[in-house]
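**Q** Residue numbers (this note's numbering), protein chains in the order written: chain A, 1 to 284; chain B, 285 to 556.
These aren't lab readings, by the way, just hints derived from the structure by calculation. A portion of the hints provided could be inaccurate.
[Unchecked claim] Listing some non-contacts, in silico: residues in chain A with all C-beta distances to chain B over 12 Å:
id, residue
1, T17
2, I83
3, A257
[Unchecked claim] Quick look at which bits of chain A chain B covers, simulated, 3 or more residues with Cβ under 8 Å:
id, region
4, 28 to 39
5, 111 to 119
6, 122 to 128
7, 146 to 155
[To be verified] Computed cross-link-like contacts, SDA-like style, restricted to lysine to any residue with a CA-CA straight-line distance of at most 25 Å:
id, chain 1, residue 1, chain 2, residue 2
8, A, K99, B, L478
9, B, K379, A, S14
10, A, K208, B, F443
11, B, K379, A, H8
12, B, K379, A, K208
13, A, K64, A, F79
14, A, K99, B, K382
15, B, K382, A, Y10
16, A, K208, B, I468
Glycine is no exception: its CB is placed at the ideal position from the N, C-alpha and C atoms.
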Amino acid sequence: MSASKNRHAYWQASPLTLVLLAFLVFPIIVIGIVSFWNYNSYSLIPDFIFDNYAYLLTSPVTLKAYINTFQFAFLAWFFTLAIGFTVAYFLAFHIHSVKAQTICFLICTVPFFTSNIIRMISWIPLLGRNGLVNSSLLSAGIIDQPLTFLLYSDFAVVLAYVHLYSLFMVVPIFNSMMRIDRSLVEAAVDAGANAFQVLRDVIVPLSKSGIIVGSIFVMTLVMGDFVTVKIMGGGITANVGMMIYNEISLLQYPAAAAGAVVLLATVLMMLVILFRLVDIRKEL
Amino acid sequence: MKRSFSFYALAAFFGLFVLFLYGPTLTIAILSFQGPDGGLTFPMRGVSLHWFGQLFQAQAVGNFGAALRRSLLLGLAVMICTVVFSLLAGLAFRKRFKGSSVLFYLTLASLIIPSILISLGIGLMFDRLAWTPAWFSSGFGSHLTWTLPFGLLIMFAVFNRFDASYEMASADLGASHWQTFRYILLPLLAPSLLGVALFGFTLSYDEFARTLMTSGSFNTLPLELFAMTTNVTSPVLYALGTLTTVISLSAIGLILLVMRLAQRRPKATSES
């Protein structure tokens, strides 16, 4: 029987396999090939040149974009982790009724199912020049000129990342905290640990895998992002995604492809390091 | 039970977090009811449905109705395929098969690869094959690369907690593979499959980055919205935002409702 069951596995896995081959593997191969091509204003010219890479890897614009991207990734990671951990800790250890826990958890996850673009736009009436924050600060006499860094700035980009991606930290950290055996916490308390020691020596180490899964999500989302920078960034700061997006807009596909290959390599290197720290299949 | 100080501090933090999550969306929901003379920020100049009416006039926002229809259709198609393909793949992964770990890592890659690569790659692939990209072909495929990983991960989570003795009992009683699947597995999995459906629909309905170069000459709703962010400076933007958020929330509500009903049914039959 098990032999016949195994045979079923192949056709059952085939729709997923075919979709991934057609829309993930082949496209990435095409990007790899096109990144060595030449181009002019009108068309792509099949070739095998390294000019796209040479230009990319020696340009100071690239370096600046990567520095910006890493900065965004670090800041977004830091704030989402701080917020996500605190929220998950509250839900897992301070709310004891399962029903209340479920409701609070749902409240945290619902925004994930709504449009990211709308969630970014929705900061305009709050942070804009005439927005709620500026007008309240002005009328309270704290400032006498509207603050301009609130919207269309690096600040706005990081704020949007934290707003959009915090739940990618909350969910996996909450998940791993719920698996912590409560008797371990009691044992620590009985042995004389204070609340902070319990947190540092029991809860944080045991939620490590959730923290890493969350970090993988936030880091990769921010590294590959261009939409947030485009909408919230005001056109001054460029990250790697924006660089590729601009090249696509100018129809410089081989340049964009080379940029994409380097971005992919960077993200993969980060992932190799992070995946060393966690076995993702055990976390589900 | 006496609550500690840290409970109240953390509860306050959680409250602020919820405000942070929902406050901005609520703000634009309120502002979308601006009077006809109102602007993008407070104060409200009267209350009206003016901007919602504007949505349906082609000159204000392009052809919003057609974009909405495309996004809904695409969302439904992606939802159905996500449920079926994830369920099948989930079943496959319960057994050993050659290449299973490659397929698993490929699925993860599909999730965490920067979306702009998917967009660029599929766009270039269609261009090189001289195929015309369209929202229902290239766009459809690019959305599946985003929804299927979520579907498969949910199936993993479900099967990790699944008690296989139900199936063994069914097989012992002489049920065929199909009968076991149809009468045992499917009812038990129904609530999780509804969860997969929710991911499939809403993620596709809101997807922007992977649609950018794959939708062909007709925009889906998020692309239309993105175009509006650069050239529309009236509350009609908020009206559209409010409307699509309401659609997403209705999808969530509907699926949660069906999920409750689906969970209640087996209980009712066992009692009767």
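**Q** Now tell me if each hint is right for this structure.
**A** Now the hints, each set against the structure:
no.	hint	verdict
1	T17	violated, 6 Å
2	I83	violated, 6 Å
3	A257	violated, 7 Å
4	28 to 39	holds (count 4)
5	111 to 119	holds (count 8)
6	122 to 128	holds (count 6)
7	146 to 155	violated (count 0)
8	A/K99 to B/L478	holds, 20 Å
9	B/K379 to A/S14	holds, 14 Å
10	A/K208 to B/F443	holds, 23 Å
11	B/K379 to A/H8	holds, 9 Å
12	B/K379 to A/K208	violated, 29 Å
13	A/K64 to A/F79	holds, 23 Å
14	A/K99 to B/K382	violated, 42 Å
15	B/K382 to A/Y10	holds, 8 Å
16	A/K208 to B/I468	violated, 36 Å
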